[in-house]
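Protein chains: 2
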Amino acid sequence: MGDCEEQLRKQIGELDARLRQLRADKAEKSVIAGEVATRRDLTTRLGALTGVSASSKKESKTIAVKVPKGTRDYTAKDMSVRSEIFQTIVEVFERHGAVTIDTPVFELKEVLTGKYGEDSKLIYDLKDQGGEECSLRYDLTVPFARHVAMSGIPKIKRYHIAKVYRRDQPAMTKGRMREFFQCDFDIAGPYDAMIPDAECVRVAVEVLSQLDVGSFVVKLNHRKILDAIFEVSGVPEDKIRAISSAVDKLDKLPWADVRKEMTEEKGLAGEVADRIGTYVQLRGGPELLETLKAKPELMANAKAQEGVADMELFFRYAAIYNVLGYVSFDMSLARGLDYYTGIIYEAVLVEESERPVVAQAAASAAKKSKSGEVDESQARTGSIAAGGRYDKLVGMFVASRRGKEGRDGVPCVGISFGMERIFSLVMSRRMSQDIKANKTAVYVIAPKDGLLEERMRIATELWDNGIATEFAYKTNPRLATQYSACDADVIPWAVIIGKDELEKGVVLLKNMAEKDASQGNGAVIQRSEMVAELKKRLQA
Amino acid sequence: MGDCEEQLRKQIGELDARLRQLRADKAEKSVIAGEVATRRDLTTRLGALTGVSASSKKESKTIAVKVPKGTRDYTAKDMSVRSEIFQTIVEVFERHGAVTIDTPVFELKEVLTGKYGEDSKLIYDLKDQGGEECSLRYDLTVPFARHVAMSGIPKIKRYHIAKVYRRDQPAMTKGRMREFFQCDFDIAGPYDAMIPDAECVRVAVEVLSQLDVGSFVVKLNHRKILDAIFEVSGVPEDKIRAISSAVDKLDKLPWADVRKEMTEEKGLAGEVADRIGTYVQLRGGPELLETLKAKPELMANAKAQEGVADMELFFRYAAIYNVLGYVSFDMSLARGLDYYTGIIYEAVLVEESERPVVAQAAASAAKKSKSGEVDESQARTGSIAAGGRYDKLVGMFVASRRGKEGRDGVPCVGISFGMERIFSLVMSRRMSQDIKANKTAVYVIAPKDGLLEERMRIATELWDNGIATEFAYKTNPRLATQYSACDADVIPWAVIIGKDELEKGVVLLKNMAEKDASQGNGAVIQRSEMVAELKKRLQA
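These protein sequences, in sequence, are chains A and B.
With this note's numbering applied, the first sequence has no gaps in its numbers, which climb one by one up to 540 at the end.
With this note's numbering applied, the second sequence has no gaps in its numbers, which climb one by one up to 540 at the end.
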């Protein structure tokens with residue numbers, strides 16, 4: 001492993017140097033983006049590097065020193081960036097009054113059963129070691145609905161950031177993992193139409209604007225309008241799922257290809273497909289509602305009326321929330337999950353959708369996948385958040401508790417952010433050496449004579465005063481080692497002591513962030529003034 | 001479930017009222033402690049309440065609306081308190097320069113194999129669904145050692161707060177869960193003797209002093225001294241584990257009982273037990289080292305010499321770190337885990353150890369357990385943090401990678417905090433109604449006429465200015481509903497608007513934290529001054 005890892009690290013280092021140069025030279029965006037993509041690839045490969053030499057030299061018993069397929073360790077720098085991202089997101093959620101809850105990492109198997117359609121095969125089960133049958137959570141939505149039903153609370157606005165598990169074929173370079181973070185914001189409660197729905201889109205816009213992920217658009221559609229389109233076009237009941245999934249590919253494929261899939265692969269009559277085509281190729285802003293309302297055959301359908309009324313309200317509220325500039329009403333957006341009942345939305349990066357070559361490559365790779373279905377996580381490389389309204393999910397649990405179908409369910413609407421994608425986007429814009437993973441402000445240095453106990457005494461005084469402090473854990477450390485610890489951990493200040501300073505009751509204070517910090521002696525400070533002086537400088 | 005839950009909630013509510021009264025009356029500590037214990041019991045029962053009515057009325061298919069045995073949901077108020085605790089702890093860790101890393105929730109099964117002795121039977125395995133055999137992590141120490149070995153880093157000071165999994169018999173009232181949080185701080189690296197070890201104890205003292213958990217003592221011992229005692233006392237090699245575990249019970253049982261267990265149950269010769277007895281009943285401060293050094297038969301043993309030298313250094317450093325007042329050198333402390341190689345320590349609540357009746361009851365209950373072994377988590381109700389030095393664990397992984405025994409291992413020392421215990425201690429001192437789980441600062445109210453869009457407009461302006469704001473998700477909400485939302489969520493400020501105010505271009509600002517907030521009209525503020533005025537008041 002060592003060699004391969006070393007080589008990868010070397011490559012990344014060289015790439016970083018090149019990227020710095022390109023940025024300094026203000027090179028073309030696309031050139032930089034290409035290098036950044038390469039770097040991301042190298043980084044994920046490095047992350048996925050899994051102790052291959054484990055069985056290469058068998059002498060004693062061998063333990064595989066690696067992590068399970070599709071999982072990874074996060075280093076201190078990863079965690080530092082991840083925690084910044086989480087903090088930004090949580091601030092937005094809390095600005096909108098959300099609280100957080102936590103649920104177990106595994107649920108009773110039957111809680112998850114029947115919620116994910118075909119994808120149920122991706123659920124991780126725990127081994128039967130006696131007792132209940134349990135499975136690792138597949139998302140945070142179903143556990144949330146179970147929690148709402150179980151606790152009997154009538155309403156809650158909550159966020160939840162936690163890991164979920166899918167026994168998928170991992171594709172590290174595409175950011176598809178078996179263990180990955182989800183970050184959900186949901187509003188549950190019996191409220192008036194579209195008020196919380198519009199707020200979820202506002203939350204998405206706030207989060208994505210504040211994270212450094214690039215330009216994005218939130219695509220919108222409504223399940224009831226989509227259902228009405230299929231009904232009035234004459235799609236047979238049993239084909240609706242399949243046709244809906246074909247429509248969903250319109251962001252990656254031209255209409256001709258989608259039409260072909262509908263008619264040739266899925267056996268839909270040509271004229272039915274054409275009628276669908278007149279609707280699902282529509283996209284735009286609020287004015288699209290007028291286009292729909294001008295179609296009497298659609299508006300005769302009750303579901304269409306409800307959906308259009310909802311969307312009219314939505315656009316009014318979205319205008320007040322100043323998010324009209326970020327949304328696009330897109331009649332081809334269908335979303336895979338069964339449980340949506342109203343508005344659905346999906347935030348996509350605009351740069352990605354402007355790259356037809358990439359999009360087509362992804363789509364054709366997806367087409368080749370075994371099932372013949374487009375694999376969502378693969379094709380939708382641009383999707384960074386998604387959600388919608390699901391009014392019946394809590395009711396499924398309440399119904400089973402009360403023995404009555406659908407009674408007392410709590411209507412919900414929510415949005416889920418694709419954390420791994422966001423993480424890799426933000427990470428790709430950061431230079432590793434600029435990330436300070438620790439919070440250490442001061443390093444206590446004795447250039448010679450060791451002076452361990454005196455270094456300890458100074459550290460204690462600084463800890464007592466809330467100043468994050470470290471020193472070398474050696475009785476007699478080399479000066480170079482102490483300086484390089486400051487460099488490696490980007491520690492801004494050094495307190496330096498020698499026998500002279502001890503005798504005079506002073507310390508030297510040195511700004512390690514300055515160029516040539518190893519030159520010069522730093523400022524002479526009375527030992528009794530050390531804490532006050534450091535506090536002053538750290539605040540500056 | 002509803003009724004039972006309601007009853008529990010009612011009982012807790014009544015208890016809270018009584019507790020408030022007792023505290024106001026400055027009642028005896030023990031009386032309050034009794035009520036607090038009862039409340040904790042009720043709370044955990046409430047938490048563990050698991051949709052019992054699921055199968056009581058079968059009409060359609062029934063889904064069990066409950067969480068798996070030994071797991072629980074955390075409510076918003078739980079999470080709020082938990083996050084305060086984590087923040088306090090993380091601040092201490094970061095003050096000492098620690099970074100955080102993350103590892104997967106499951107590991108390859110063989111990574112965990114052979115690390116936990118008898119307790120290996122408590123490991124949760126994932127079902128074999130093809131591919132690798134995996135298990136849920138049992139603690140954070142073994143995954144940390146695996147990470148250090150796998151990444152090849154020579155040193156790291158890291159903390160990790162995450163859930164671990166044990167297929168134990170849950171005892172919710174004792175805080176023993178199958179899914180629970182651990183919070184670990186470890187220093188890995190080839191450092192000079194006892195410098196990081198003393199810092200770990202300093203970190204424990206800082207954390208426990210800052211959390212509101214009550215008085216505590218950190219018991220200390222050294223594996224090498226303990227091994228030497230057994231060697232010079234003449235304990236046969238194959239009995240050392242069993243005798244060590246008997247010695248560990250001296251905090252709960254008198255010496256006579258422990259001696260009896262050694263001789264009658266474990267077949268040790270009486271004079272061997274008596275020799276052990278002269279050592280393991282010793283406890284005290286640094287002066288105990290003089291007592292040991294005055295025993296030539298012990299000091300002839302090389303391990304004893306090493307252990308005593310270590311402890312002499314430790315006490316010197318502990319004095320500099322100002323933690324001598326918190327530690328107790330206790331020759332009976334043995335700790336269960338095999339992997340410790342040097343100093344071991346355990347923080348216990350002093351109140352608990354001062355309750356011999358409770359301690360004896362716990363010990364006798366533990367004695368009755370099937371295996372005849374004291375169940376640690378049950379008997380040690382007083383233990384809130386524990387750890388020690390483990391120099392060989394990383395080497396186990398490195399050795400297997402390199403094919404050489406023990407080569408290139410990274411020595412480690414660390415401390416793990418018992419989060420569930422700490423959480424329930426802190427929670428028991430908090431009144432539910434005083435916990436504000438949300439961060440909402442302002443609620444926008446329209447006493448009549450609905451004014452939804454105007455409320456939305458105000459909320460948008462406040463969000464844009466970083467002020468956490470909510471309003472009723474109804475077009476025409478009742479005033480009482482709006483006021484009670486402020487009360488329930490402890491929201492300090494209300495912005496109130498009516499048609500009059502809109503016409504005059506003003507809003508009313510009302511301090512909802514004041515008594516009789518529903519009376520009076522609040523201050524009249526120009527709408528253009530609203531944000532500035534609120535920012536000023538929120539900062540005050």
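Heads up, some of the hints might be wrong.
Unchecked claim - Here are the computed lysine-lysine pairs in the DSBU-like style, where the Cα-Cα straight-line distance is at most 35 Å:
#	chain 1	residue 1	chain 2	residue 2
1	A	Lys10	B	Lys448
2	A	Lys439	B	Lys121
3	B	Lys303	A	Lys436
4	A	Lys10	B	Lys536
5	A	Lys10	A	Lys109
6	A	Lys392	B	Lys69
7	A	Lys439	B	Lys69
8	B	Lys69	A	Lys474
9	B	Lys121	B	Lys295
10	B	Lys392	A	Lys436
11	B	Lys448	B	Lys26
As the list claims (entries may be wrong) - Covered stretches of chain A (chain B as the covering partner; in silico rule of three or more C-beta atoms under 8 Å from a C-beta of chain B):
#	segment
12	298-309
13	424-433
14	460-471
Simulated from the structure, these hints should not be mistaken for laboratory data.
Being a predicted model, the structure only gives us computed values, none of them experimental.
Where is the CB? At the ideal position from N, CA and C, for every residue including glycine.
**OP:** Could you check the structure against the hints above and give me the numbers of any it violates, in ascending order?
**Re:** 1, 2, 3, 4, 5, 7, 8, 9, 11, 12, 13
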